[in-house]
Structure formats: C-alpha cells, structure tokens
Amino acid sequence: MTNESLEADDTAEAHTGIGDPLSEKESPVLQMKEDSPISVPGTPERVHSPMNEAESKQITEELEAKERNELLEKYQNLIEEKEKISRHNISLQQKLAKHLSNSTREDLHHEKERSSSDQEQVYQRYIDTIQDLKSQHQKDSEIFHLQIEDLKIKQQEKINEVDSDWKELLDMEKEVLVAAFSSKFGKAAALKEAEQIQANEQRKETELIHMRLENIKLKNKNKKLESTLKAKEELEEGLNFIDFEQLKIESQTYNEKIEERNEELSQKKIANTLQMIKNIKEKLYDMQMESIEKKSQVVDMDELVHKKQALLRKIKKRREFLRLENIKLDHKRELIGNEVLLRDFEDQFDATELLSKQLKMLRRNYNEFSRSCKAIRVKIDKPQYFDQHVQ
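Heads up: the sequence shown is residues 1 to 391, going by full-length UniProt numbering.
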C-alpha cells in the first residue's frame, strides 16, 4: 500500500462520522424525547367529566398530535439531510476509487519519486480536513440543541395555557358532579363520590399517556435502528470497494510506515466499533453473528453442490461414451466366446451400477442441502424473525 491508501483511509474515517446516523446518545432530538419526557396536556391534576369527556378528549388528542408531528417532522428532516450527505459521500468515494483505478499505472511509476515531505503535506492536509469536519459537526450539534431548547419553551407555553384551561374545567366539572349527586347522597357523600370518579378517570388517563409515550419511543427506536443498519451497510460497501482499489497500488517502499499506520487505524476502528456495540443489545449482536454464519454455510453448501453437479455431469458423459462404445463393439463382434470382452462388459456393468448408486446418493444429498438452504434463507429474510429476537 502507498500513501494514497493512508489518504483514502483518513477520508473514509472523516466521512464515516457524517454518513452514520446519530445513536441514542448523539441524537439531540431523541435525547429530548427520551431523557426529558414529553409533557402531555394530561397532568396528574387533569380529570375528565362525564359531560365534557368527548370534547376534552378531542382537545387533548389535537394538542398531542400537533406537538408530536412538529417534533417528528423536524427529526425526519434531519434524518433525510443526513441520508443525502451519506449518499453524496458514497458517490464521492466511488468516484475516487475509479480515479485511483485509472491512475494505477502512473502511480506505480511515480511513487518512488515522491519525497517524504510531500507525503507529510498530504497527510497534514487530510488531518486538517478531519478537524474541519469535526468542527462542522460540533456546530451542527449546537444548532440542534438550540432548536431543542426553542421547542421545549414553546411546548411549555402551550402546556401552561392548556393546564390553566383544564383547571377551570375541573372546577366546573366538580361543581356539576356535586350538584348531580347531592340530591341523592348528600353534599359530603356527593363530594366523595365525585372525587372517586375523578381519581379513577385520572388513573386510566395516566396509564394511557404512559402507553402512548412508550409507543412513540419504540417507533422512533425502530426507525433509528433501521436507518443505522442501512447506512452502515451502504458505507461498508463503498469502503470495501475503495480498499480493493487501494491494494492494487501497494508499494514495498513504505511497508514499515504503513504497518504502523494500519495498527493505529485498527485501534481507532475497534474503539469506534465497541462504542457502537454498547448501544445495541447483546441479543441483536448474537443474531447478526448467527446470520453471517448461516450465510457462510449456505455459500459453502452451494459450492459443494455445484462441484458435485459438475462431477455428476462428467460421470454421465463418460457413462454415455462407454455405452456407445459397447454398442459399437457389440455390432462388430459377438461377446459369446470372447472371455476378455465378457470380463470387460461385466466390469463396465458393475461400474455403471456403482455410478448409478452414487448418482442417487448425490441427488438425495442435493435435495437435503437444497431444503436446508431454503429454510435458512427463509429465516434470514423473514423480518418477523429478526424483530422477535430484537424484542
């Protein structure tokens, strides 16, 4: 590998920070949603009255839907922007790989002529690029936090406004309930009954709010995991293609320096990979490893089946050739009375039977391998199987 491989690795690392979706700890919007629970206009003081239940429920749902849609819309816009940057990143990497492939011969002739000072300048330029990208990422994070604070302020204003209206409604509701029950049970019993009804409704409303929040968190987490896996697969494909092209322009002059650089890069990649794995459940990791192993087994089985099929075709051709030869010999000369031909015919007949048995056995093994491969592919490609193990 030459210094271009070092440059390409630095560029790939810089773009990796841009293309990958933010994790739970890195995403400011998700932190606002998960760490600071969304206040819904249904505080512990909120209670529905039998008279205004439909109206109050409609107001609550409209406010919740509006706030949730605003937050989700902003978050979705950020995700789309990151996906665009990731696609642009992959496109640039592919163009770079094509350029490196086309200039392979020229690089091989001029590699030895390049001085160490030029190499250091190129390396420093890419280090500066990485620093610029990091600073840009920091600025974007600050902007996101400012947007989050603004949304929190607006949300709190709306919640305060709705809570004040709810307090007025609660007072009116309590008066109506006491007036309705006082004629039957008395004022004290009516007051107690009204408080009991409000407490039951409040308990049910609180459970409903928690379930809705949990549902929103699970949906956001599911979307985040899907986008993370998709972006990771696309980026890995681009990086693998670039690595393949870089291997073509490898030079023995910088072997020692490249080995040291590769060790540093390996340590950085291992650290980044461990940090990502901490945010994913151990069960999901086990399923991914099992999926990779099953795919490898399927590939090995396919290769074995192809080899057996090729051998079977050769055996069939040989058998057909011998059969035709035997027919020709039968026409030319009778077998009776010729001990050599009779023995040869017997040997050929025994060999044919043996090959037939081997053919049946190969077909049976092929059918078993096919069924096994099909079952494994169904498990791998079935989304419900993956989701159940993630749960």
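These aren't lab readings, by the way, just hints derived from the structure by calculation. It is possible that some hints are incorrect.
Said to hold, decoys possible - Computed list of lysine to aspartate or glutamate pairs in DMTMM-like fashion (alpha-carbon distance at most 20 Å, straight line):
no.: 1; residue 1: Lys-152; residue 2: Glu-236
no.: 2; residue 1: Lys-219; residue 2: Glu-67
no.: 3; residue 1: Lys-84; residue 2: Glu-214
no.: 4; residue 1: Lys-66; residue 2: Glu-201
no.: 5; residue 1: Lys-167; residue 2: Glu-64
no.: 6; residue 1: Lys-224; residue 2: Glu-214
Right, here's what the structure says about each hint:
Distance hint between Lys-152 and Glu-236 is unfulfilled; the C-alpha atoms sit about 37 Å from each other, more than 20 Å. The straight-line distance between the Cα atoms of Lys-219 and Glu-67 is roughly 16 Å, inside the 20 Å bound, and the hint therefore holds. Among the hinted pairs, Lys-84 with Glu-214 is inconsistent with the structure: their alpha-carbon atoms are about 30 Å apart, more than 20 Å. Proximity of Lys-66 to Glu-201 is assessed by CA-CA distance (about 24 Å); at most 20 Å being required, the pair is judged violated.
At most 20 Å may separate the alpha-carbon atoms for a hinted pair to count; Lys-167 and Glu-64 meet this at roughly 18 Å. Of the pairs offered as hints, the one joining Lys-224 and Glu-214 holds, with about 15 Å between alpha carbons and a cut-off of 20 Å not exceeded.
Hints 1, 3 and 4 from the list above are not met by this structure, while the remaining hints are.
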